[in-house]
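**Q** In this note's numbering, the protein residues as written are 421 to 658.
Derived from the structure by calculation, the hints contain no laboratory data.
Among the hints, a few may not be true.
Quick list of in silico lysine to any residue cross-link-like pairs, SDA-like style, CA-CA up to 20 Å [as the list claims (entries may be wrong)]:
(1) Lys587 with Trp651
(2) Lys433 with Ile505
(3) Lys517 with Asp507
(4) Lys517 with Gly641
(5) Lys587 with Gly647
(6) Lys433 with Ser501
(7) Lys433 with Asp507
(8) Lys433 with Leu524
(9) Lys433 with Phe444
(10) Lys506 with Cys429
(11) Lys433 with Arg503
(12) Lys564 with Ile535
(13) Lys433 with Leu531
(14) Lys564 with Ala612
(15) Lys564 with Pro613
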Amino acid sequence: MNILSVLHCELRKIIRSNVFWIVFLVLGFGPIMMGVGNVLSSNAGGIHWEQYLTGLLDTLAPLGLIGYTFIAAWVFGREFSDRTIKDLLAKPVSRAKIVLSKFLVILAWCLLLSIYMFAVGFAVGAILGVEGGSAAFIWSLFFKFLITSLLYIFVTAPSILLANVTKGYLAPLGLILIIVILSNVLASFGFAPYFPWTIPSVFQSTGSLQLSSIVILAYTGIIGIAGTFAWWRYAEHP
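Given these sequences and hints, build the entire structure.
**A** So this is what it looks like as structure tokens:
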């Protein structure tokens with residue numbers, strides 16, 4: 421089997437799963453509540469798109485981290501919890517292709533989720549009468565949000581490795597809850613540019629990153645990705 425065939429099988433498994441649709445349903449509430457909250461908390465003079473989208477995306481991007489981590493952990497962890505790992509390994513395809521196809525599916529799913537959350541938040545603002553702002557400005561914020569989402573997706577890689585090592589997706593979910601708490605604490609002490617899971621939010625706020633932040637982010641993602649490929653290559657599987 422070539423990589424396209426394996427990727428097609430992974431996509432079919434994901435789309436046919438109820439989890440695929442539940443993720444969009446659950447995370448759709450985030451931009452709705454945040455969007456409504458931003459409008460209601462604005463002054464009597466109304467709120468403009470710049471203020472609305474800046475406030476929305478600064479809080480929406482970290483929310484996506486939880487969704488991305490769940491997606492990444494579930495795509496790999498479900499093979500163990502559903503006991504389909506033996507059937508998967510019995511297919512005439514290399515383990516590297518299996519891992520690569522899963523990574524590509526995770527990337528596509530998470531990016532689609534990011535676009536969906538932005539669209540929902542934008543629709544809420546339009547319905548509630550947010551004014552001002554040019555199309556160029558809105559597009560610039562959208563692309564910055566997409567880059568931020570990609571950075572968050574990249575740092576979910578250690579959670580993928582943990583899902584494989586622990587043979588499930590509960591441990592990564594527990595880890596991300598701890599990370600969210602640590603992120604808030606470290607950010608309040610000014611360490612956001614040096615903690616992998618807060619670095620994307622720094623980019624969302626400033627539009628740029630220090631070299632040290634880029635290096636930390638790169639090492640975090642590479643360790644998770646390389647570790648996952650190595651685990652599938654060398655670890656004993658049931």
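**Q** Taking the earlier hints as the rules, which of them does this structure contradict?
**A** none
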